[in-house]
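J.: One letter stands for each residue in the lines below.
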Amino acid sequence: MPEQITQEIFEHLVALAALELNPDEAEYLRGELNHQLAAIQELSAIPLDADIPASLHGVPFPVEVRQGLRQDEWQPYPEPQTILKQAPETSDGYIVVPDIPHTTLE
Amino acid sequence: MPEQITQEIFEHLVALAALELNPDEAEYLRGELNHQLAAIQELSAIPLDADIPASLHGVPFPVEVRQGLRQDEWQPYPEPQTILKQAPETSDGYIVVPDIPHTTLE
Amino acid sequence: MELCDLSAYEIAQHVRSQKATAVQVLESCLERIQKVDGRPGALDAGELTAEDRLRVHAFITLTEERARAQAEEVDRKVAAGEDPGLLAGVPVSIKDIFCVQGTPSTAASRILANFVSPYTATSVARMEEQGALVLGKVNLDEFTYGSSNESSAFQPCPRNPWNLNHVVGGSSGGSAASVAAGEVALSLGTDTAGSIRQPAAFCGVVGLKPTYGRVSRYGLIAFGSSLDCPGPMARDVTDAAMMLQTIAGPDPKDATSATVPVPDYIEALEEGVQGLRIGLSPDYFRIAIPDARTGKYHTEPVPAEFEQAVLRAAQVLAEMGAEIIEDVPMPNARYGIPAYFVISRVEAASNLHRFDGVKYGYRTQRTPADLRDLYRKTRAEGFGLQPKLRILMGMYVSAAQYSEQYYQRALRVRTLIRRDFDQAFDPDGAVYVDALLTPTTPTPAFPLEAVYGDSVMMQYADQLTVPANHAGIPGVSLPGGLTAEGLPIGIQLLGPDFREDTLLRIGRAYEVATQDDPWRQEEPQSAHL
Amino acid sequence: MELCDLSAYEIAQHVRSQKATAVQVLESCLERIQKVDGRPGALDAGELTAEDRLRVHAFITLTEERARAQAEEVDRKVAAGEDPGLLAGVPVSIKDIFCVQGTPSTAASRILANFVSPYTATSVARMEEQGALVLGKVNLDEFTYGSSNESSAFQPCPRNPWNLNHVVGGSSGGSAASVAAGEVALSLGTDTAGSIRQPAAFCGVVGLKPTYGRVSRYGLIAFGSSLDCPGPMARDVTDAAMMLQTIAGPDPKDATSATVPVPDYIEALEEGVQGLRIGLSPDYFRIAIPDARTGKYHTEPVPAEFEQAVLRAAQVLAEMGAEIIEDVPMPNARYGIPAYFVISRVEAASNLHRFDGVKYGYRTQRTPADLRDLYRKTRAEGFGLQPKLRILMGMYVSAAQYSEQYYQRALRVRTLIRRDFDQAFDPDGAVYVDALLTPTTPTPAFPLEAVYGDSVMMQYADQLTVPANHAGIPGVSLPGGLTAEGLPIGIQLLGPDFREDTLLRIGRAYEVATQDDPWRQEEPQSAHL
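Protein chains in written order, with the UniProt record's numbering: chain A, 1 to 106; chain B, 1 to 106; chain C, 1 to 529; chain D, 1 to 529.
Hints were generated in silico from the structure; no laboratory data involved. We treat Cβ as the ideally placed atom computed from N, Cα and C, and that holds for glycine. Among these hints, one or two may not hold up.
[As the list claims (entries may be wrong)] Straight-line Cα separation of at most 30 Å, DSBU-like style, residue types lysine-lysine; simulated pairs:
1) K359/D with K77/D
2) K19/C with K35/C
3) K35/C with K77/D
4) K77/C with K85/A
5) K253/C with K359/C
6) K85/A with K253/C
7) K35/D with K19/D
8) K359/D with K253/D
9) K85/B with K359/D
10) K359/D with K296/D
11) K85/B with K19/D
12) K296/C with K359/C
13) K77/C with K359/C
[Said to hold, decoys possible] Distance ranges between label pairs, derived from CB positions:
14) M1/C with N22/A: 23 to 29 Å
15) G31/B with N22/A: 41 to 47 Å
16) I95/A with Q405/C: 36 to 42 Å
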């Protein structure tokens with residue numbers, strides 16, 4: 001079974017995933033990814049008629065058992081501080097983050 | 001590593017040892033015997049000068065630390081019944097066994 | 001027998017009839033926890049000690065004060081002649097993937113270790129409204145990603161009450177362990193591929209995965225949004241029914257919760273199985289296992305002890321009047337794991353993008369160069385290996401150039417898996433059954449460390465449970481015996497959408513018929529501590 | 001701390017000064033046994049239960065009445081102002097390979113299961129004369145043939161008090177476990193290839209193999225008559241010294257017991273190590289392991305944790321004034337196991353011929369054709385696999401046509417092994433040392449079932465201990481730390497003939513210097529039951 005996830009693809013994935021990995025983690029994870037891809041090769045061998053649709057979930061969800069969407073209404077939250085105080089860093093009710101990478105328009 | 005203890009040698013050993021083995025036991029024991037013989041092949045490779053004697057035990061046992069042998073004297077045992085009653089079968093103070101294989105002399 | 005060993009049904013009766021107070025029940029449970037649970041799961045817990053190896057370690061957070069206030073309120077209501085609720089005085093634990101206001105809600109991950117939820121999950125709120133005492137949050141695989149609880153960032157991880165050297169299963173492992181060890185009568189778990197049923201089987205308790213949409217997911221930290229189901233774990237079927245009664249039904253806060261009416265599960269329990277058609281499928285008596293490196297599959301029968309436990313259950317049910325239908329074809333069941341490897345990872349990767357060190361949870365202590373670097377460092381430090389693996393896998397199989405080959409294809413395979421059930425449960429179909437009877441798992445609880453690290457073999461622990469998640473149908477795992485080594489065997493019932501009542505009724509009949517079986521008299525190892 | 005956790009030295013002081021009665025000590029021990037020991041080893045014991053896996057199972061036979069009568073006699077003597085003896089009120093266990101009058105003396109074999117000894121071994125009698133309370137007979141490998149206790153015909157076999165899922169070592173495994181778990185203060189073991197020192201190391205206690213001839217073998221059921229040594233197992237060096245003091249010295253009933261005077265071991269204990277020369281040998285920091293099938297050897301270093309424990313001990317002793325001599329050559333140590341495979345099997349086969357179903361012990365219940373058939377059937381049913389294996393091997397390697405190649409050669413290799421020690425301990429030699437300091441074992445206690453069945457690998461557990469048996473010299477294993485997993489590490493001291501006093505003195509100095517080490521504060525897992 002050839003490796004499907006090469007070092008190059010792997011590094012690209014890690015960047016997209018917003019992760020940083022140490023070498024041990026990277027080796028284990030790339031190994032397991034290839035291992036898992038080997039295990040799912042079976043999918044491509046399953047005979048699928050062209051008319052088999054995709055199921056986003058298993059249970060049919062007809063309109064009669066749906067609640068319908070709520071009205072898009074503003075509701076006050078009684079204690080915004082309990083939410084805000086979960087943030088690692090705040091200032092005057094604003095959440096603080098480091099510089100956002102940006103390009104200044106000429 | 002060839003098997004040193006063949007089925008034939010093994011059966012001879014079992015008879016000498018006054019044992020009977022079921023097939024599972026026999027297979028395990030013959031396997032382990034060959035395994036152990038492989039592990040002791042090293043002995044034959046140990047360089048041994050001709051003047052190296054055999055040691056029947058490790059500690060020298062010079063006459064000055066020996067007790068000497070006891071006198072060969074008859075001593076009465078106070079409760080011979082406690083010994084005799086360990087025997088699986090007795091009769092009138094004699095230990096009973098099945099027929100002893102024998103050849104009647106002409 | 002101590003109060004904590006009574007069933008939820010008995011406890012509620014005792015409390016309501018003032019044979020015991022809710023506070024006494026609470027004290028009994030706290031004493032049991034004190035005796036068998038050992039130190040709670042924690043970050044950076046150091047080496048396992050000799051004592052650690054002899055404890056169950058179900059809990060991450062004990063919420064004794066919350067439970068005590070509730071117990072006093074229940075006792076007050078009883079004294080005042082008010083209705084104390086269906087679960088009056090019943091001690092419960094909550095898998096730490098649910099938010100409970102004012103308590104740490106960690107998902108067993110470093111990235112949420114400091115998160116104190118500002119709101120309560122609907123299912124927890126409903127239990128508390130009915131008088132349940134929430135004793136605390138119990139351990140799980142990190143973000144539910146595992147089948148053994150070993151991946152939790154909070155160590156020591158739970159140990160199986162039946163053999164403290166074996167895993168509890170997962171991901172609802174702390175739930176199963178806390179119920180099996182008599183620390184609580186009920187626990188709220190979640191099932192995405194078998195995460196309620198597999199640990200229930202491993203720990204010898206009842207675990208019910210409801211139909212998708214039967215129980216609100218509001219307040220559940222999401223893993224696979226199209227698969228996740230909250231559900232009850234209990235020591236018997238009646239207790240599971242009582243708990244489902246409490247948590248089932250539509251919730252305005254979860255648009256995917258269905259408005260299907262909730263029947264009276266308890267009333268239906270004793271109706272027996274006369275006339276029910278119960279199916280056995282050869283496709284659930286064998287498992288396909290991939291070779292570690294080539295990906296080639298070989299097929300193995302489930303262990304003889306497991307097959308015998310299921311066949312014995314079938315015989316017992318037949319003697320009670322059920323009709324046993326053999327050879328129900330479920331040819332697509334074996335695709336459950338490969339399809340799950342794709343679908344669940346895509347959903348997991350999507351759900352995990354929200355954890356970034358900005359709004360809540362862990363933030364790196366190193367100084368980041370910029371916001372993107374903050375994300376990377378925070379996620380690198382905050383996530384364990386299993387979330388990282390799922391993020392990477394999910395991104396790969398849903399990438400534009402691979403999506404057709406993997407994700408789209410897996411969703412179509414899901415349709416095949418669903419069709420197997422639709423055909424089996426179709427009253428006008430060739431083989432109509434009311435329920436399928438199967439083993440829950442292909443093995444008993446494995447020894448700790450025996451499988452951990454091999455993400456493929458770990459996933460295969462879910463092979464017999466995951467089809468129900470793809471299909472959305474309900475399933476229940478029941479204790480079905482003990483192996484020669486004394487480890488629990490689980491048997492599973494699968495049924496049509498929203499027919500949890502049928503499964504519970506069959507389960508109850510099986511319980512009644514086997515109540516004198518010698519294995520039912522055995523106690524878990526934790527009872528000997 | 002309970003009475004049963006006190007040292008033998010403290011107990012004897014308490015009893016003599018009437019701070020506690022011997023009966024109180026006995027009660028404390030019985031309570032501990034009740035709590036941690038579980039069901040005693042028995043024939044045909046059935047499957048292990050969940051509870052069994054949480055118990056130590058050191059004992060085969062409890063002799064509570066014998067111990068109670070003795071305790072009352074000790075208390076009477078104390079009250080009457082008579083000398084109650086050196087071991088007044090000290091609870092002891094006896095490896096069930098010693099005969100004790102009126103008690104089952106089984107050798108952990110079916111073939112002796114019903115044997116009630118009509119006489120008492122000299123070492124046991126000497127301990128009782130000094131006021132010891134014999135609480136019972138403890139488990140071992142069948143006829144002492146093993147290094148794990150798993151081969152006992154009396155199951156459940158003992159489980160390691162430090163980790164109940166690991167072996168106790170062997171063959172004096174019940175002895176080590178009973179001392180480590182605080183069931184008794186002292187135990188009488190035997191050492192043929194390491195059978196005192198290896199389980200002592202595995203269970204974190206002190207185990208002393210005396211010089212061959214130092215302690216009478218009268219009443220010991222023989223294994224390897226040129227190798228067997230009875231000796232003490234204890235929780236500290238002082239206790240081991242007290243016990244050796246009691247049992248050492250010539251015995252008219254054992255012609256091989258030497259008339260060398262017995263020094264005052266206790267007095268010498270606190271003399272320190274100033275000026276002593278203590279050797280380290282590279283040949284004891286590596287082990288040779290044969291490939292399972294080819295017999296080819298490869299050499300491996302002992303685990304780093306073991307090397308570090310020994311080097312730390314050397315450093316501690318150097319700081320106390322000992323001189324550490326590195327690179328003591330012991331080139332023939334590695335031949336210890338192959339030579340032992342031959343010598344011990346020849347002696348074992350010879351010693352086992354007496355068990356025949358005629359005079360005592362088991363006799364087949366089947367009807368034999370004749371006397372020879374009685375022997376065969378009795379031995380086939382009465383012996384377990386390990387005795388059978390040793391009989392067959394012993395007969396093979398001593399057969400006329402192979403004897404030169406195997407047995408005679410092994411006896412000459414033994415001479416080489418002895419010469420290594422003679423040279424190391426020669427005051428006029430190139431490297432003169434008073435003692436060698438080594439690891440006791442090449443691994444910590446292995447998990448139950450991990451090695452059992454592989455008779456070669458099991459034998460290699462004795463690689464670092466067996467040279468002393470070939471040479472006849474004394475050796476002691478001391479607790480020297482815990483692995484990261486919490487399993488005990490043993491360090492070994494080897495010395496010249498009859499210089500147990502030197503070994504005990506070094507051991508005591510090491511104890512004093514390390515008494516505040518964190519690992520010394522750890523309790524075994526059994527303390528948490």
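J.: State for each hint whether it applies.
T.: The hints, checked one at a time:
1. Restraint check for K359/D and K77/D: the C-alpha separation of about 40 Å exceeds 30 Å, so the hint is violated.
2. Taking the CA atoms of K19/C and K35/C, the gap is near 25 Å; set against the 30 Å cutoff, the hint holds.
3. For the hint linking K35/C to K77/D, the alpha-carbon distance of about 43 Å lies beyond 30 Å, and the restraint is violated.
4. Between the alpha carbons of K77/C and K85/A the distance comes to roughly 35 Å, so the proposed pair goes past 30 Å and is violated.
5. Under the criterion of a C-alpha separation no larger than 30 Å, the hint pairing K253/C with K359/C is consistent with the structure, at around 21 Å.
6. Restraint check for K85/A and K253/C: satisfied, since their Cα atoms lie roughly 23 Å apart, inside the 30 Å limit.
7. At roughly 25 Å between alpha-carbon atoms, K35/D and K19/D fall within 30 Å of each other, so this suggested pair holds.
8. Between K359/D and K253/D, the direct Cα distance comes to roughly 21 Å. Compliance with the 30 Å bound is thereby established for this hinted pair.
9. For the hint linking K85/B to K359/D, the alpha-carbon distance of about 9 Å falls within 30 Å, and the restraint holds.
10. Note on K359/D and K296/D: the hinted pairing is violated, with a Cα-Cα distance of about 44 Å set against a maximum of 30 Å.
11. Of the pairs offered as hints, the one joining K85/B and K19/D is violated, with about 44 Å between alpha carbons and a cut-off of 30 Å exceeded.
12. Annotation: proposed proximity of K296/C to K359/C is violated, straight-line Cα distance about 44 Å (limit 30 Å).
13. For the hint linking K77/C to K359/C, the alpha-carbon distance of about 40 Å lies beyond 30 Å, and the restraint is violated.
14. Taken as a hint, the range 23 to 29 Å is violated for the pair M1/C and N22/A, whose Cβ atoms sit roughly 51 Å apart.
15. Restraint check, G31/B to N22/A: a C-beta distance of roughly 46 Å satisfies the suggested window 41 to 47 Å.
16. The supplied range of 36 to 42 Å is met by I95/A and Q405/C, whose beta-carbon atoms lie about 40 Å from each other.
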